[in-house]
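Input sequences plus hints: build the corresponding full structure.
Here is how the chains run, residue by residue.
There are 4 protein chains.
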Amino acid sequence: MDIGFVGLGAMGQAMALRLQKAGHTLTVWNRTRAKADLLEQSGAFVAETPAQLASRSDIVFSMLFDDATTESASFGAQGIAEGLRDGGLHICCSTLSLEQARRLRDGHAERGQAYVTANVLGRPPAAQDGSLYVIASGEALQIERAMPLLACLGQKVFIAGSDPVQANLVKLSLNFMIYSTIEQMAEVFTINEKLGTDPALMFEIMTNSFYTAPVHRNYGKLMVAQDYDQPGAPVTLGLKDVAMFLAAGSEQRVPLPFASVARDRLLASIAAGDSERDFVVLQERVRQEAGLKPR
Amino acid sequence: MDIGFVGLGAMGQAMALRLQKAGHTLTVWNRTRAKADLLEQSGAFVAETPAQLASRSDIVFSMLFDDATTESASFGAQGIAEGLRDGGLHICCSTLSLEQARRLRDGHAERGQAYVTANVLGRPPAAQDGSLYVIASGEALQIERAMPLLACLGQKVFIAGSDPVQANLVKLSLNFMIYSTIEQMAEVFTINEKLGTDPALMFEIMTNSFYTAPVHRNYGKLMVAQDYDQPGAPVTLGLKDVAMFLAAGSEQRVPLPFASVARDRLLASIAAGDSERDFVVLQERVRQEAGLKPR
Amino acid sequence: MDIGFVGLGAMGQAMALRLQKAGHTLTVWNRTRAKADLLEQSGAFVAETPAQLASRSDIVFSMLFDDATTESASFGAQGIAEGLRDGGLHICCSTLSLEQARRLRDGHAERGQAYVTANVLGRPPAAQDGSLYVIASGEALQIERAMPLLACLGQKVFIAGSDPVQANLVKLSLNFMIYSTIEQMAEVFTINEKLGTDPALMFEIMTNSFYTAPVHRNYGKLMVAQDYDQPGAPVTLGLKDVAMFLAAGSEQRVPLPFASVARDRLLASIAAGDSERDFVVLQERVRQEAGLKPR
Amino acid sequence: MDIGFVGLGAMGQAMALRLQKAGHTLTVWNRTRAKADLLEQSGAFVAETPAQLASRSDIVFSMLFDDATTESASFGAQGIAEGLRDGGLHICCSTLSLEQARRLRDGHAERGQAYVTANVLGRPPAAQDGSLYVIASGEALQIERAMPLLACLGQKVFIAGSDPVQANLVKLSLNFMIYSTIEQMAEVFTINEKLGTDPALMFEIMTNSFYTAPVHRNYGKLMVAQDYDQPGAPVTLGLKDVAMFLAAGSEQRVPLPFASVARDRLLASIAAGDSERDFVVLQERVRQEAGLKPR
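Heads up: the protein sequence lines correspond to chains X, G, U and F, in order. Quick note on numbering: the numbering used here labels position 60 of the first sequence as 63, and the sequence is numbered without any gaps. Quick note on numbering: the numbering used here labels position 69 of the second sequence as 72, and the sequence is numbered without any gaps. Quick note on numbering: the numbering used here labels position 16 of the third sequence as 19, and the sequence is numbered without any gaps. Quick note on numbering: the numbering used here labels position 220 of the fourth sequence as 223, and the sequence is numbered without any gaps.
Source of the hints: derived by calculation from the structure; they are not laboratory data. Fair warning: there could be bad hints in the mix.
Here are the simulated lysine-lysine pairs, DSSO-like style, with alpha carbons at most 27 Å apart [what the hints assert, rightly or not]:
#  : chain 1 : residue 1 : chain 2 : residue 2
1  : F       : K296      : X       : K197
2  : X       : K296      : F       : K296
3  : F       : K197      : U       : K159
4  : G       : K197      : U       : K243
5  : X       : K159      : G       : K197
6  : G       : K243      : X       : K197
7  : F       : K159      : U       : K224
8  : F       : K197      : X       : K243
9  : F       : K197      : X       : K296
10 : X       : K159      : G       : K224
11 : X       : K224      : G       : K159
12 : U       : K296      : G       : K296
13 : G       : K197      : X       : K243
Written as structure tokens, this is what we have:
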């Protein structure tokens, strides 16, 4: 099938490569053209604009940074919507606000185009070997159409419902579970450290008893090591995420006190000068309140 | 070895049986005598008082409901301390406040007796087949002395430190991770349900991606089923636990905002008439705030 | 002086009348024309559009509902900016987000026009007799220019600084002090009522000791009476306000936990069906959590 | 009348002097005898023990530091209860937990003695000139008996109800209104300071508009001056207070989220080394989270 892929960050590239290896003909586009080189070398056509890309594709994926970049690549001048044919399908994988997801859904519908959300869990290596978790939602017919491609990307494809917005909220929710688990573990590590119990031991107890999930293992490990400077998601990205989750709570009328606490920790992290460090650094706010300094 | 076991609730009985099956000679005591019948039938001696029990034992376990019952069975009239010989060891498995744990530690020390905390994770069936997780702390020599017995009870024995109080705080912390995970999942289930996404599907997505720990599986399942009336830990017990954790935060000078939120949910659950239901019912407070009724 | 006044809700009308009575020549505009009748009868010219109004005025006041209506009346087609002459001054009295205030400031500056924020505290009767409190900010020269008019409207005019945005944040802050005082008093009324102490007595004690401010008297009185259905500010308006305050906290990197609690109470009030009642009704959320029903 | 007065801290002394000047015969007692000198010089008899004091008095006031000191002076060896005659009245003015207030009420009742709570608002100078606010509760007959003395101490005497515990909760509630107002103002001062608006100006705006109560004026002034080292109530006392208020919420089943936030600020203040500074210093926690240093 002729596939377009807009947005070639680390994740987007890995996903596009996976699709290419599965035998699909790819047209790609990225704001910074250099990131398209690798895919071009393995046969992808590099479009000048999202519109040109869309005009060559049955289905267009997008994996962009945020609401604004997605809006602009979709409906801006020379955007996807301009090139996409009648009945063409846009599958958007970005983590977006519900509001933006609705704009995409409705904007494509007005133009007679189809739209599906397909958020993914996992990091680039998982994308490359097709072991992501995919959470998709949209009209049943479009989901069916997208399914072979989604199944190529993910070890599991969950269908959240018939409205594309639903998958977006699932994604925001799962991200919320990350930073709220960090806060939860930070409270535990901190109070035990103050009583003389080593966080490394606490981590061992947690992850060898009932707190064995990847969320505990992966983030707990970084917390124990106070390792905040590896390439991961920075505090600013965490704050963007929790803000979108709280905005969803606002429109759906759901108080989310844990999310408010997490938001405050991330704000305080930026105020403390940690905006570009991994958001696990929110742990230091818990420690600082308790009078502990970084080890 | 001559072992005493004070406190024969479901958990205490299962642990005592396990020790008995391992070949130890047991003396047991319980406030309500009938609960000792099973152990008596399999050869245990039923003491009249904790003091009598202690006088017949090298090591005395206790597994009682709370601070008050433990204090009274330890240092009250005819309590363990009265009967325990010089150098005798009391291993306390109850979930206690740090303050009470210190009273036990110091009270036994004043009397020339030894004291170790050995908290356990798991339910009675795990106790019976020796697959609990044990978290112990105390002086190295006493831990060494206790170890063969602890290893008989648990698939893993973690040593939290040389002060008995440390294990108590670890236990309170692990319990906190339960009810704060319930709040976390309740926020997620509720907001997604309001957008039309079935909690059962959310549960499937969570537990098949990165939220795979027993804490997610076991409690998430009850939450999806809105199953609040099975025999488990009631709201009142949850409140007792979070109150002890917050008190620990107070003495150690550690703000614990997630624990405060959980406390408020449990208080509101009692105010709503749910005090004797499983503490998973705190989910209904999240749902009610969002305008949802029990399904 | 030739004054324009855009936005003739209860507050805007009262302010415009006050200016008219002070001898100024008024041009007015309102989306719903009927609200201009009273001012027309006393001599004001009713413009067809904000642009026409601005072209007839040295200084244009606006007092509109929110960000969107202000943006549209200022920079939309036939908006104030289209008609305002070089060096003309727009004095905006609406409660706006910081983001919107900056858009107004910068949008007018780009067009060679002047802009001042002048938020007001008080209700329509205070506007009519010139006893509002006015909080203004902007360039010193423009403030000086606005001062005679502001002094006509308010018993006091506070100058918050040289950036128009500053007055907007002061206004959002003072509004925050209202709803957070309501939450504070609600916690006090509720816990005392549960112990048998009448809220009316608590109110008397508060307001006859150290809690004597208008914020205590005015809102406390409504709370004791459980009077939620008088024309006042509805829950939705309160939520808009707290959302703007939290957004200010987000951009300024200031955690605002009291504001987050208030936000959750207002969200829960909407979920409970109280969206159009006075925002004092947030008290019922505190009471409900405590198991109390409306009296 | 023969009056006993137990507890001669700054407040107790001032109250005792006031009663003495009104013509009552005083017997006094204080743990540190030197504090009784002034009263002795003006004619008071200094008792050896609370019991001796009580045996010489119709009515005994106590004004002690906390639960423990009050318990001991009331029911300990040589305590008030030992000396107080049948039908004698103990008026307790200390800020106590509800639990302790109930112990006093019931302990005196068991001994055929009467008990009234009479908490006071105000500082020593107000005590000396009889301008305190008094909040009393207890059986109507006993209140009547206490009234002439209470009216001598306070400019107003409020009767909270027929159970002595009620006045204790009113007092804890009014104290809660202090520290929660400090948190509220701290959030406002901090966010405005970050946008460049001077706290002194914010204070002027607040206290010249709708936030004019003594609680705003007195504490706001200290906050603007960042004056944390005057003799006032230290952080530890604030924490004791909020802990008693939260404990009241726990027993009455009332979630008190503002109190939880205040508690965390006070805990963090102790962790930061500010335990002996005035509790207004909690403002620095709000500022620190926002990245501000003390000016």
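Evaluated hints:
1. F:K296 - X:K197: holds (25 Å)
2. X:K296 - F:K296: holds (17 Å)
3. F:K197 - U:K159: OK: F:K197 and U:K159 at ~25 Å, within 27 Å.
4. G:K197 - U:K243: Holds, because 21 Å separates the two Cα atoms, which is no more than 27 Å.
5. X:K159 - G:K197: This hinted pair holds, its Cα atoms lying about 25 Å apart.
6. G:K243 - X:K197: holds (22 Å)
7. F:K159 - U:K224: holds (20 Å)
8. F:K197 - X:K243: holds (21 Å)
9. F:K197 - X:K296: holds (25 Å)
10. X:K159 - G:K224: holds (20 Å)
11. X:K224 - G:K159: holds (20 Å)
12. U:K296 - G:K296: Within the cut-off at roughly 17 Å; holds.
13. G:K197 - X:K243: holds (22 Å)
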